[in-house]
Each structure stands twice: as C-alpha cells, then as structure tokens.
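> Sequence:
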Amino acid sequence: MGNGGRPSQPGSSGRPERPMPEDAHARWRLRRIGAAVAGGVAAAAARAPAVTRRIGELPAPPGPFRPGFWRSPIRGPWLTSVFGLVLLVGIPVLFLTGALSYAAYNPDLGPHNDMTPDKGLLGFYLFDWPTHPYWLYRLTQGVHVTLGVVLVPVLLGKLWSVIPKLFEWLPVRSVAHGLERLSLLMLVGGVIFEFVTGILNIQLYYVFPGSFYTLHFYGAWVFIAAFVVHVCLRLGRMSRALGSRSLATELRTDLAHTVPEPPDPDGLVPTAPAAPTMTRRGAVGLVGVGSLALLVVTAGQSIGGRLRNTALFAPHNRNPGGGPMDFQINKTAAAVGINPAHVGPAWRLEVRGRAPTLVFTRAQLLAMRRHDALLPIACVEGWSTDDQHWSGLRLTDLAAMAGLPGAGSVLVESVQSRGAFRSVVLRGNQIHDPRSLLALRVNGADLSLDHGYPARIIVPANPGVNNTKWVHRLTFRT
113 MGNGGRPSQP
123 GSSGRPERPM
133 PEDAHARWRL
143 RRIGAAVAGG
153 VAAAAARAPA
163 VTRRIGELPA
173 PPGPFRPGFW
183 RSPIRGPWLT
193 SVFGLVLLVG
203 IPVLFLTGAL
213 SYAAYNPDLG
223 PHNDMTPDKG
233 LLGFYLFDWP
243 THPYWLYRLT
253 QGVHVTLGVV
263 LVPVLLGKLW
273 SVIPKLFEWL
283 PVRSVAHGLE
293 RLSLLMLVGG
303 VIFEFVTGIL
313 NIQLYYVFPG
323 SFYTLHFYGA
333 WVFIAAFVVH
343 VCLRLGRMSR
353 ALGSRSLATE
363 LRTDLAHTVP
373 EPPDPDGLVP
383 TAPAAPTMTR
393 RGAVGLVGVG
403 SLALLVVTAG
413 QSIGGRLRNT
423 ALFAPHNRNP
433 GGGPMDFQIN
443 KTAAAVGINP
453 AHVGPAWRLE
463 VRGRAPTLVF
473 TRAQLLAMRR
483 HDALLPIACV
493 EGWSTDDQHW
503 SGLRLTDLAA
513 MAGLPGAGSV
523 LVESVQSRGA
533 FRSVVLRGNQ
543 IHDPRSLLAL
553 RVNGADLSLD
563 HGYPARIIVP
573 ANPGVNNTKW
583 VHRLTFRT
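Residue numbering for the sequence shown follows this note's numbering, starting at 113 and increasing by one per position.
Hint data in this document are derived by calculation from the structure and do not stem from the laboratory. Treat the hints loosely; a few may be bogus.
[To be verified] Derived lysine to aspartate or glutamate pairs resembling DMTMM-like cross-links, with alpha carbons at most 20 Å apart:
#1 Lys-277 <-> Glu-292
#2 Lys-443 <-> Glu-525
#3 Lys-277 <-> Glu-362
#4 Lys-231 <-> Asp-220
#5 Lys-277 <-> Glu-373
#6 Lys-443 <-> Asp-558
#7 Lys-277 <-> Asp-376
#8 Lys-443 <-> Asp-366
[Unchecked claim] Simulated restraints, written as ranges between beta carbons of each label pair:
#9 Val-205 <-> Asn-421: 56 to 62 Å
#10 Pro-242 <-> Asp-378: 44 to 50 Å
#11 Asp-378 <-> Gly-222: 47 to 53 Å
#12 Thr-383 <-> Gly-355: 35 to 41 Å
#13 Gly-556 <-> Gly-301: 28 to 34 Å
#14 Gly-355 <-> Arg-589: 55 to 61 Å
#15 Leu-363 <-> Gly-435: 36 to 42 Å
Treat the numbers as computed from the prediction; the structure is a model and nothing was measured. Beta carbons: idealized from backbone N, C-alpha and C, even for Gly.
Construct the entire structure; sequences and hints are all you get.
See below:
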C-alpha cells in the first residue's frame with residue numbers, strides 16, 4: 113500500500129504533497145469562515161419569522177403594555193391630529209428663530225463667539241448678522257421664547273394623546289417598524305430635552321452637564337431631523353384624521369354625546385373605553401386656556417410697556433433699581449466677581465490697532481465728543497428692555513483712532529474674570545453702524561456698576577451677552 117497500511121487520502125497520488133503556501137492557506141480558511149457565517153445568517157433569517165411570530169403570540173406585559181390599560185374615550189387620531197397641526201406650524205417657527213438666534217452670535221468669527229466649535233456642516237447657513245432693524249434680535253428671540261412657552265400645553269396634550277404608542281407590543285415588529293420607532297424615540301426624547309433645557313435657561317437655572325448653548329444647539333438638530341421624518345411618515349394620516357370629523361361639530365358636542373372614534377390601525381382608540389369624563393371640546397379648551405395663560409405671564413418680558421408687569425414667568429432682575437437705571441439686567445457685578453476695585457480710579461481703557469496702543473482714563477473718554485443712540489437690550493432668555501438713551505463714543509471713531517478706519521472686527525475684553533462671554537468679537541458692520549457705542553452714560557446718568565460702569569458696549573440688534581460690560585480693552589483688526 114506504500115503508506116504503512118493506511119489507505120491513500122482522496123486525491124492523493126501516493127507521493128508526498130507539497131505544503132500549501134501560507135497565503136493560500138489563509139485564503140482557504142477565510143473562505144471556510146465566510147461560508148460558515150453566511151450559512152448561520154441564512155439560517156437565522158429563515159428562523160426569524162417563526163421566532164418573531166412566537167414572541168408576538170406571547171401576552172403583553174402587565175400595565176401600560178396591555179391594550180385595555182388606556183381607556184379614555186376621547187383619545188384617538190382626530191384629537192391627536194388637532195394638537196399635531198398646531199405643533200406642525202409652531203415647531204418650524206421655533207427652529208427658525210432658534211437658528212437665527214445662533215447666527216446672531218456671529219459664531220463664525222472665532223472661539224470667543226462660538227459655543228459649538230464642532231458644529232461642522234450644521235453651521236452651513238451662517239451669515240453676517242445685520243444691525244438693521246435695530247430691534248431684530250428682540251423680535252426673533254422674543255418670538256422664540258414666548259412661542260416655546262406657549263406650546264408647552266399643546267406638547268403635553270399631544271404626548272398624552274399618543275402615549276399608548278410608546279407602550280405598544282411588540283416594540284419592534286420589522287425593520288421598517290423599527291426605524292419608525294427609532295424616529296419616535298428621537299422625536300419624543302428630543303422635544304422633551306429641548307423644551308426642558310429652554311425653560312430652565314429662561315429661568316437662569318443652569319443645572320446642565322455642559323454649556324446650555326452647545327446642548328440646546330445639537331439637541332435642536334437631532335430633534336428637527338426626527339420631526340421631519342415623523343411628518344413625512346404621518347402627514348397623510350393626520351390629514352385624513354382631521355377630515356374625518358368636523359371641528360365645529362366637536363366643539364358643540366356635549367359630554368352625553370361624546371363617544372369613541374372608530375378603531376384605528378395605530379391603536380390610539382381604546383379597545384375597552386371608559387365612560388367619558390371630559391369632551392374633546394373640553395380637552396382642546398383646556399390646552400388652549402393653558403397656552404393663553406402662559407402667553408399672558410410670558411410675552412410682556414419682550415413686548416414691554418405695561419405688559420412687562422404681567423411677565424410673572426420671568427421675574428429675575430426685572431426692577432434692579434429706580435431712576436435712570438430702572439431697566440432689566442441679566443448678570444450683576446457681584447455675580448461675576450466685579451467689585452469697585454476693578455473699576456475704580458485705576459481703571460483704564462486700552463485701544464489697540466495699527467497705531468500704538470492708546471490708553472484712556474474715564475475722564476478723558478468723557479471729555480471726547482459723545483454720540484447718542486436709542487437702543488434696547490435683548491437677551492437669549494427672551495426678555496428685553498424698552499429703548500434706552502445711551503451716550504458714549506462711536507466704535508467707528510475709536511477704530512479710526514486706532515489707525516484702522518475700515519476695521520473688519522474688534523475684540524472686546526472685559527475686566528470680568530470668571531463666567532462666560534468675558535470677551536466677544538464684533539464684525540465690521542457692527543463697528544461702523546453709527547449707533548454702535550462704547551457707552552459711558554445711559555438715560556442721562558453715569559452707568560451703574562451692574563449696568564457696566566465704567567464703560568460697556570451697545571450695538572443694534574446684538575444679543576445682550578455680546579454687549580460686553582466693564583470693558584477695559586478694544587483690539588481692532590483688519
């Protein structure tokens with residue numbers, strides 16, 4: 113037999129075989145592994161429908177996963193679509209005004225202004241923020257904050273109306289269903305995150321694990337992406353649901369005639385409805401009254417005038433003192449560590465540019481020709497002041513003194529030693545607006561310490577935090 117009594121292996125010639133090259137052996141092993149994996153995937157795919165069917169036959173867990181848990185007879189596609197229609201109009205306005213607020217900070221000027229340095233393509237729309245009209249930021253941010261607060265009852269009503277969908281069983285039934293559920297998770301999580309962080313911010317309650325600006329910015333993009341997907345998936349159903357019942361009829365329907373909607377494929381209508389305790393008219397009215405109440409206690413902080421006294425939702429620092437300084441502030445001098453020693457007789461203003469550095473005392477600044485401007489202060493929290501009478505030196509004149517009459521930007525630095533926005537960059541159009549001032553006085557009196565004494569920036573349509581207080585250095589650039 114020539115091989116010690118053992119039969120030859122198939123394919124053997126009886127002669128010693130050459131050893132397989134190492135790379136060929138590796139390729140052979142990879143093919144074997146690939147074939148095994150492919151076979152396993154195919155087998156799993158073949159078993160998946162049966163496994164899914166068996167899981168689907170299991171009873172739903174107790175509690176909210178059971179269809180009979182949700183029993184309100186007014187819950188259904190029509191009521192959900194009514195709330196959804198309001199949000200379909202309001203949410204894009206919120207996103208647009210929020211995007212404009214981000215642009216107003218001029219983040220493309222560099223790290224002094226940019227709270228989101230890793231934004232990448234998300235900053236594609238940024239543009240040079242204008243100074244005309246001078247009330248632009250007051251309007252856009254006032255609308256953003258007021259509308260966000262007013263929509264809270266609508267959002268809660270919408271979430272209440274669709275809560276059975278959050279607990280449906282099976283949680284995922286197919287790839288398409290899984291993608292829809294993922295978009296729903298991003299939508300609900302995103303909207304709750306954006307509204308909660310926004311409301312905490314307007315109350316100056318900073319308990320965030322990072323910068324509010326960064327978290328709110330990225331959260332907004334995640335939410336709006338999920339919102340667009342959800343609208344694309346549900347717009348047709350919403351339209352059909354709204355057309356299925358007459359709003360006028362529902363608003364006339366009393367409790368005795370309130371009945372559940374016909375069963376729907378989304379499972380919003382209860383399978384075992386309870387007796388009604390509220391009409392759909394009552395639910396819409398309750399949400400509407402809640403939104404109206406929030407409008408009353410919020411809108412005055414940006415509208416001003418007599419309505420300012422109704423802005424109970426934003427009570428912080430509304431009346432910091434009487435006389436010329438009786439207008440709202442955000443951060444006080446004490447809150448950021450400013451004391452009279454920082455701004456006393458030793459204080460100097462440095463003006464840098466192409467010419468040698470200029471150094472001025474406050475008395476020297478007051479002796480120069482001053483200009484006036486009627487401008488409000490508007491902040492990201494949604495509040496704004498009425499127009500205040502500011503007096504000081506034009507930034508364009510200071511740029512000319514620094515040897516850069518056509519300056520393209522200016523770095524403004526404060527004596528403030530801690531906290532955000534200690535320095536900011538203003539762009540050329542802001543420098544050269546004749547209403548842009550290094551303000552020394554307001555409403556006929558010297559600035560108070562909380563309002564930025566000895567000198568502060570005031571620029572038309574500029575976010576309040578970019579109107580730097582306690583200024584000690586201006587560096588003009590080409």
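> Now tell me if each hint is right for this structure.
Hint check:
1. Between the alpha carbons of Lys-277 and Glu-292 the distance comes to roughly 11 Å, so the proposed pair stays at or under 20 Å and holds.
2. For the hint linking Lys-443 to Glu-525, the alpha-carbon distance of about 16 Å falls within 20 Å, and the restraint holds.
3. Annotation: proposed proximity of Lys-277 to Glu-362 is violated, straight-line Cα distance about 24 Å (limit 20 Å).
4. Taking the CA atoms of Lys-231 and Asp-220, the gap is about 11 Å. The hint holds against a cut of 20 Å.
5. For a cut-off of 20 Å, the pair hint linking Lys-277 to Glu-373 stands: about 16 Å separates their Cα positions.
6. A hinted pair counts as satisfied when its Cα atoms are at most 20 Å apart, and Lys-443 with Asp-558 qualifies at roughly 18 Å.
7. For the proposed pair Lys-277 and Asp-376, the alpha carbon gap of about 12 Å is at most 20 Å, so the pair holds.
8. Between Lys-443 and Asp-366, the direct Cα distance comes to roughly 52 Å. Violation of the 20 Å bound is thereby established for this hinted pair.
9. One distance hint, 56 to 62 Å for the beta-carbon pair Val-205 and Asn-421, is violated here, with the actual separation near 27 Å.
10. Judged by the Cβ atoms, the range 44 to 50 Å given for Pro-242 and Asp-378 holds: they are separated by roughly 46 Å.
11. Checked against the given bound of 47 to 53 Å, the beta carbons of Asp-378 and Gly-222, roughly 49 Å apart, stay inside it.
12. In this structure, Thr-383 and Gly-355 break the distance hint of 35 to 41 Å, their C-beta atoms being roughly 24 Å apart.
13. Checked against the hint of 28 to 34 Å, the C-beta distance between Gly-556 and Gly-301 comes to roughly 51 Å, which is inconsistent with it.
14. With their beta carbons about 59 Å apart, Gly-355 and Arg-589 fall inside the hinted range of 55 to 61 Å.
15. Roughly 51 Å separates the CB atoms of Leu-363 and Gly-435, a value that falls outside the hinted 36 to 42 Å.
This entry does not satisfy hints 3, 8, 9, 12, 13, 15, going by the numbered hints stated previously.
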